[in-house]
Every structure is written in structure tokens, then in C-alpha cells.
Amino acid sequence: MSDQLLQLLFTGLTLGSIYALIALALVTTFNLTGVLNLAQGEFVAIGALLAISIYSSGMPMPAAFAITVLLVAVLGGVLERSAIHTARRASGLTLIIITIGLAISLRGLALLAWGTETYSLPAFSGGGPLFIQGAAITPQSLWVFGLVAVTLAGLYAFFELTYWGKAVKASMINRTAARLVGINPNTVSFLAFVTSGALGAAAGIFIAPITMTTYDMGFMLGVKGFVAAIIGGLGNVGGAVLGGLLLGVLESYSAGLISSGSKDAITIIILLAVLLIKPEGIIGSFRQRKI
Amino acid sequence: MRDKSKKYFWPVAALLFLTVPLFIESNYILSTLIIIGIYAILVQGLGILMGYAGQVSFGHAAFFGLGAYTAAILTTRFNWYTIPALVAAALLPGIVAAIIGRPTLKLRELYLAMATLGFGILVHIAFNEGGELTGGPSGLSGIPYFSLGGLTFDSDVKFFYLVWTTLFLLLIGVSNLVRSRVGRALRAISESEHAAENAGIDTAGLKLQSFIFSALLAGLAGGLYAFYITFISPSPFSFHASVQFVLMAVVGGLGTLIGPLLGAALVVTLGEVLRWAIPLAIPGAGGEYQIIFFGLILVILMVFQPGGLGALGKLLASSKKLPDRGAGAKVSEG
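Chains as they are written, first to last, in our numbering: chain A, 1 to 291; chain G, 292 to 625.
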């Protein structure tokens, strides 16, 4: 029995890492631009589908990944310039409706390009699963953990160690001050969407060997990334990762011990509970003010 | 000019409505008009919530679905008459809104949007996983035709009159409502909540009442939908439908009386045109591709014309605009 619990934990952590990645992209964009990008899940879906298509056209896997990440990053930039930038003076609500509209259009485009079939990608590396106490971890899970660690380290290094990162972070509090020190908020917004496109695509590629990839998987992934971010508190990068892992584990246990149909319902119940009880986030509230 | 158009608006509209089925032979157009009418009832409520109370809901498909399922379950499983079932279809979503409204409406814009979105997903999951009661993914069939005394609404023409009479009564009611004290108070809330609060308006109470009212109308629309289609499944009540309702409200123009009807008409008509045009442009493509265009229209509209295509609606609207509405809105956003 404890084998099963441990197994569910590993599955949950893998799943949770993906939610954490999406939440990281959401939180970064939200902090830098004030926009909650509900099209983030679509970046993941399109990333996965593009990588599968490019790989199956005969491209070696690393090249397929690089091209995909680049393309989706460009897509993020294009969306920012065409929609977000043009509407930057609009209210937060208008911007949410815009990103929902973008998400719907992207899903439609994915449907047009890939249809309703299910796709998948071979695992990055061969070899059997690793056994810990009788529970298996596939090598692909380790890849996903690695991606989260690298992303988190990268974001941390950028914001805490580089001059530009610190300047951007500080300037988000005050746009005028940002201009005075020579930071253009429009450029920051553009780069935030380019980065979130790249991050989304990377997340999509890494989970493509684990989950069944379909054109419409982005919506729920986006919602789950948001729930993870909300658990952590929207302003909190570390909280987003913890929130993602927590959500993944909770889902895995509810799917394994209650029923697989209960998985999405659990996510939403957590969302509503956190929103109604502690909208500033469970984990975020333990720390000091957000940046 | 304005007074004249106002004076003739209702008689002309009534005349048009009464004679429409005489001119339209096509059942297809008539059934499209019925669907427009049903959606317009729902969007009228959503329009009050969004345009007057200044709150958004991405979960109204859930209230719509709750109404439809209530009507369907009561008539097919419990053999209720259709009239009490329709009343229950409106009341149940209203009660649900009353329960979830108070804590939910405390949330600010982003969080409110996500909470209503979550509520919508949860209810949609419940329809799918409801087993015996909701019929799961395959839904419920054999819903009886609506009947009123000895009159059974078993044809498109009869149902057209039922839906559009309901809509007209609603429009008259809402037109009186928005001109009343309550309407002015609601507009004040959408301009600036703080100012309204300081002026002694019970903002929380009024927001809750608009939420409940909009849920009642969504439930009523859902009940009518169930009695018209006589078969329901979870798919028309998904998140997509919620987005489509928000689109209708925004397209028609928020804060106008006729906007919701215009928005419903435009979005449904556009959907039908796309269903026909897309397979011509892209061979082999099905009607589901219309969602791309809905998304794009929503984006373009919000980017360039957040007020909606309500110019015409505003002309016909019976509600007087406050002169400095634009300025007030900007201050509250800043």
C-alpha cells in the first residue's frame, strides 16, 4: 500500500512540476506587466504539438526543440505587440478578456493545424525507470524536474544577480522611476511575453512524452497553472513552484485513491477555496510583501 | 429626434415581432431567431451585471445549464408539469447565486473572473459526472414540449411567440429598472464603487441582487432552451458558452438596453454564417472552427472598441448617460 502512495507521490510531483512551470511563466508575466495571461496554457499545447510535428518530419530531437521554443517565443512576442501592447491602457478586466480571446483563437488554430487526434513524443532518453522503495520514477520525470530546477535557477539568477534583473524588478513598483533609470516598460512587457512563450513551449515539449497531447489540452493546463500560482500568491515565484507541486500531488492522490474523474474537480475546489478564504495565497501570506 | 425614436420604438418593435413568423417561411431562420431570443434573455441579465453593476462573470453557462437541467430533470424524472419546472429552472440558479454571491463578489476583478470561471468548470464537470441524474456525457432526452394550460408549444412559430414575448416583457421591465433609483445606483457603482459607497448606496447588496437577477434570467433561458431543444447534454454549457455570453454582452455594448439583444443576434448570426462559410474557404473544415473567429473578434473588439458595437444600441437606449462617464471610468481604472 505504501508503495502505491509513493508511486502516486512521484506521479504527482511530475505533474506538479509542469503546473509549476506554467505558474512560473504566469507569475513572471503578471509581475512584470500586470497582465494575467490566460493564453499561457495554449503556449504549452502549441509547443508540444509543434515539437511533435517538427520531430516527425525527420529533424533531430534537440534541433526540433530549439526551433519550437524559438517559434513559440516569437508567437508570444507577436501576441504582445498586436494585442496587449495596443490595449495597454485598458483595465485589468479588459486585458483578461483579451487573453481569453487569444487563448480561444490559438486553440482554434491548433485545431485547424493538428485536428482532434492525439499525438505523442518518444521519451528523451531510454533506460528503465528508477526504483525507490518499490515505486518507479521514469527518466522523463527526471527531465521534467531538471527543467523546473533550471528555469527556477535562471529566473532567480536574472532577478537577483544581474543588474538588469534587479532594475526591472525594482522598476515594476514605479513606472516613472523605471523610465528615469532608462528601462522601457514596453520592452519589458514584450520580453516577458517572449519569455513566457519560450517557457510554455519548453513545458509542452517536456510533457509531450508523458501525457497525451491534443489541441485542447492547453485550457485546463492554463487553469491549473493559475491555481498553482494562486496557491502560492500571484506575486511569488517560489510560491508558484510549491503551489504547482502541491496541486500535482493532491491531484495524483485524488485520481489514484478516489476516482480519475475527480482530478479536475479537486483543482477547481482548491481554486475556489483559496480565492474565497485567502486570495493573497496560502504560501505567499507566510512571506513578506510581494515585490 | 431622440424623443421621436423613443416614442415609436416599442410599438414598431411589437409590430415587427408579431408579424415576423408570417413572413418567414424557413424553419431554419425561425429557429435561429428563437435561439437569439433565448440567449438575449440570458445576456440581458449578464449585461446588467457587467454594464451596470460593473462585475464580470465567466460562469454564466453554469447558470444556463443549471436551469436547463432543472427543467429537464423535473419533467422527465419527476413528471412535473412544465410551468412549475420552468419556474424552478429560474429559481434554482437564483438560489445558487445567492449562496455563492456574497463571498464571490467581494473579490476584485481578476479574482472574480477566475472564481466565476472556476464555478463554471465545476458545474460543467458535475453535469458530466452526474451519472443517473444528469445522464452523464450523453445527457437527457425526451423533455416534453412546454405547455401552458391547453396550449402546447410544439412548433417553431408557437415557440417563437413564447420566447419573444418573454423577452419583450423583460425588456420593458429592465427599461423601467434602469431608470429607477436602483438603476441609477447601479450606474453609480459601475462608475466608482467608492463614490457610490460614500453616497450611501449599499453597493454589496446591489451587486449581489444583480448577480442573483442575472442568474435567474440565465436559468429561465436555460429552461426555455431545454423545452425548445427537448434534449440536453453538457456540451452547450461549457466554458466556451460562458465566453460566448460575455462576447454577446460586450459586442452589443454594455450599459445599453438593446445591446444584449443586438449582441446575441450578431454573435448567433455570425456563428451561423461562419458555419456555412468556413467549409467553403477551408475544404473539409467543420463548423467548430468558428471559435477561432469568436476569439479574434473578442480580442479585436476589446483592443479597439471596448465599448462594443453599441453605438446603435446607445441611440436606442432609454437610459440617460451621465455626461462624464468616460472620465469617471478612467479615474476608477487609474
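Please keep in mind that the hints were generated in silico from the structure rather than gathered at the bench.
A portion of the hints provided could be inaccurate.
Unchecked claim - Computed list of lysine to aspartate or glutamate pairs in EDC-like fashion (alpha-carbon distance at most 20 Å, straight line): (1) G:397 to G:493; (2) A:278 to G:420; (3) G:397 to G:316; (4) G:397 to G:484; (5) G:397 to A:216; (6) G:397 to G:482; (7) A:263 to G:420; (8) A:263 to A:216; (9) G:397 to G:488.
Going down the list of hints, with the structure as the test:
The hinted pair formed by residue 397 of chain G and residue 493 of chain G meets the criterion: a straight-line CA distance of about 13 Å does not exceed 20 Å. About 29 Å separates the Cα atoms of residue 278 of chain A and residue 420 of chain G, which puts this hinted pair outside 20 Å; it is violated. The hinted pair formed by residue 397 of chain G and residue 316 of chain G fails the criterion: a straight-line CA distance of about 50 Å is larger than 20 Å. At most 20 Å may separate the alpha-carbon atoms for a hinted pair to count; residue 397 of chain G and residue 484 of chain G meet this at roughly 12 Å.
For the given pair, residue 397 of chain G sits about 32 Å from residue 216 of chain A by alpha-carbon distance, which is inconsistent with the 20 Å threshold. As the CA atoms of residue 397 of chain G and residue 482 of chain G are separated by approximately 17 Å, the hinted pair is consistent with the 20 Å bound. Simply put, residue 263 of chain A and residue 420 of chain G have alpha-carbon atoms about 12 Å apart, close enough for the 20 Å limit, and the pair holds. About 17 Å separates the Cα atoms of residue 263 of chain A and residue 216 of chain A, which keeps this hinted pair within 20 Å; it holds.
Between the alpha carbons of residue 397 of chain G and residue 488 of chain G the distance comes to roughly 14 Å, so the proposed pair stays at or under 20 Å and holds.
Taken one by one, the earlier hints fail for this structure at numbers 2, 3 and 5, listed in ascending order.
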